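Asker: Chain by chain, the residues run as shown.
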Amino acid sequence: MFGKKRGMQAMLAADRPGASRDATPEVAAFVALREQVRAAEAAAAPTPPPFELMWTGVEARLAANARERVETVAKPTGWRALLGHRPVWVLAPVGALVMAVVLGYFVSTAGSGDVDNRCYVDSYDAASGTILVEQDLDDRSGVTVIWHLDEG
Amino acid sequence: MLAAKNGDRAAFKTLVERYYGRIHRMLTAVTRSEDVALDLTQETFVRAIEALPDFNMTSSFYTWIYRIARNLAFDRFRRKKTAGWQKEYDDGIDLKVVPGVGQTVPLEPSRAVAAQQSLDVVRAALDELRPEYREIILLREVEDMSYEEISETLGLKMGTVMSRLFQARMRLREILEPRLGRRL
Numbered sequence: 041m042f043g044k045k046r047g048m049q050a051m052l053a054a055d056r057p058g059a060s061r062d063a064t065p066e067v068a069a070f071v072a073l074r075e076q077v078r079a080a081e082a083a084a085a086p087t088p089p090p091f092e093l094m095w096t097g098v099e100a101r102l103a104a105n106a107r108e109r110v111e112t113v114a115k116p117t118g119w120r121a122l123l124g125h126r127p128v129w130v131l132a133p134v135g136a137l138v139m140a141v142v143l144g145y146f147v148s149t150a151g152s153g154d155v156d157n158r159c160y161v162d163s164y165d166a167a168s169g170t171i172l173v174e175q176d177l178d179d180r181s182g183v184t185v186i187w188h189l190d191e192g
Numbered sequence: 559m560l561a562a563k564n565g566d567r568a569a570f571k572t573l574v575e576r577y578y579g580r581i582h583r584m585l586t587a588v589t590r591s592e593d594v595a596l597d598l599t600q601e602t603f604v605r606a607i608e609a610l611p612d613f614n615m616t617s618s619f620y621t622w623i624y625r626i627a628r629n630l631a632f633d634r635f636r637r638k639k640t641a642g643w644q645k646e647y648d649d650g651i652d653l654k655v656v657p658g659v660g661q662t663v664p665l666e667p668s669r670a671v672a673a674q675q676s677l678d679v680v681r682a683a684l685d686e687l688r689p690e691y692r693e694i695i696l697l698r699e700v701e702d703m704s705y706e707e708i709s710e711t712l713g714l715k716m717g718t719v720m721s722r723l724f725q726a727r728m729r730l731r732e733i734l735e736p737r738l739g740r741r742l
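First to last, the protein sequences are chains A and B. Residue numbers for the first sequence follow this note's numbering, so the first one is 41 and each next one is one higher. Residue numbers for the second sequence follow this note's numbering, so the first one is 559 and each next one is one higher.
These are calculated hints, taken from the structure and not from any lab test. The structure presented is a predicted model; accordingly, all values stated were derived computationally and were not measured. A hint or two may mislead.
To be verified - Stretch-level coverage of chain B by chain A, calculated; a stretch enters the list once three of its residues show a Cβ under 8 Å from a Cβ in chain A:
hint, stretch
1, 576-583
2, 587-595
3, 610-617
4, 620-631
5, 696-708
As the list claims (entries may be wrong) - Okay, the calculated bits of chain A under chain B, using three or more residues with CB under 8 Å as the criterion:
hint, stretch
6, 92-104
7, 132-143
8, 161-170
9, 182-188
Glycine included, C-beta positions come from ideal geometry on N, C-alpha and C.
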């Protein structure tokens, strides 16, 4: 192996037309590598498929794509897809029904959410900091939370 | 070319006939699967026909079409990303056992067998390269493209082409030397 700079110079030299294994060892190494790759790929070069077979496949795909495009253009989207050939005004009763449901919901739930959000907080100044005592009136478990605020 | 661009399907067919073998060979070399290569070759020309009106002819037709082909190949590679093309497409289907791979033991004494083994080892080493590395080596060594042509084909700067080619070759050497049992 050699450094990147020398290696790069050798590679550029090896890629010039007419470079041969007789050059410096670095250049020769790249030439040798090229010969190996070329020989290996040439030995395994695929035979291309018959042209007509390939072309038939291309034409079939083109036809399928064209059909797909026609279907996409013809296919309505959005409101049109929902309505089909019906006029837009047929949506009016549906809208009225939705509004009635929404209004009904608000009317039936009004006043039922009178949650008591009050809570009592006492505070005491202690030598080690402030003590807060918090009691949530809405909490039926009657839990009291005591906070010790260390201000240090 | 102009006739094809203007929608002449027969003219396009002539162009396809001229280049499909080359595209198929490159796709086989990059994907390591003739079936995948055939599928991608057909798709390449389908995309080309559909995009032909947008072809601005600033690059050669082959460069343009190769770019479509490699984008399709790399797209598929990304979508089905696994260890590599060979495993991805040919798993269980006639996987070739490569003698000598991973070994540093001396090869068969017969020179012909040894030569064949050596070719198999080189191909196996190429298979192990990242697709971007394998591609650039194949463009340079098999397609015999100049740095400028590679730059245009892959849409890379010249410096990037040189640097990637250098890294690819160094990686290939690194894989090959212990397997061939000699310095390259």
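Asker: All hints are to be evaluated individually against the structure, with a verdict given for each.
Answerer: Outcome of the hint check:
1. Under the rule that three or more residues need a Cβ within less than 8 Å of chain A, the assignment of the stretch 576-583 of chain B holds, with 4 such residues.
2. Restraint check on the stretch 587-595 of chain B versus chain A: 3 residues with Cβ-Cβ distances below 8 Å, three needed, restraint holds.
3. Counting residues of the stretch 610-617 of chain B whose CB lies closer than 8 Å to any CB of chain A gives 0, which falls below the minimum of 3, so the coverage claim is violated.
4. With a threshold of 8 Å between beta carbons, the proposed coverage of the stretch 620-631 of chain B by chain A is violated, since 0 of its residues qualify and at least three are required.
5. With 5 residues carrying a beta carbon less than 8 Å from a beta carbon of chain A, the stretch 696-708 of chain B meets the three-residue requirement, and the given coverage holds.
6. Coverage of the stretch 92-104 of chain A by chain B holds. Counting CB-CB distances below 8 Å, 6 residues qualify, and the rule asks for three or more.
7. Using a Cβ-Cβ cut-off of 8 Å, 0 residues of the stretch 132-143 of chain A lie near chain B, which falls short of the minimum of three, so the contact claim is violated.
8. Three residues within the 8 Å Cβ limit are the bar, and the stretch 161-170 of chain A against chain B gives 0, so the coverage statement is violated.
9. As drawn, the stretch 182-188 of chain A meets chain B at 0 residues by the rule of a beta-carbon pair under 8 Å; below three, the given contact is violated.
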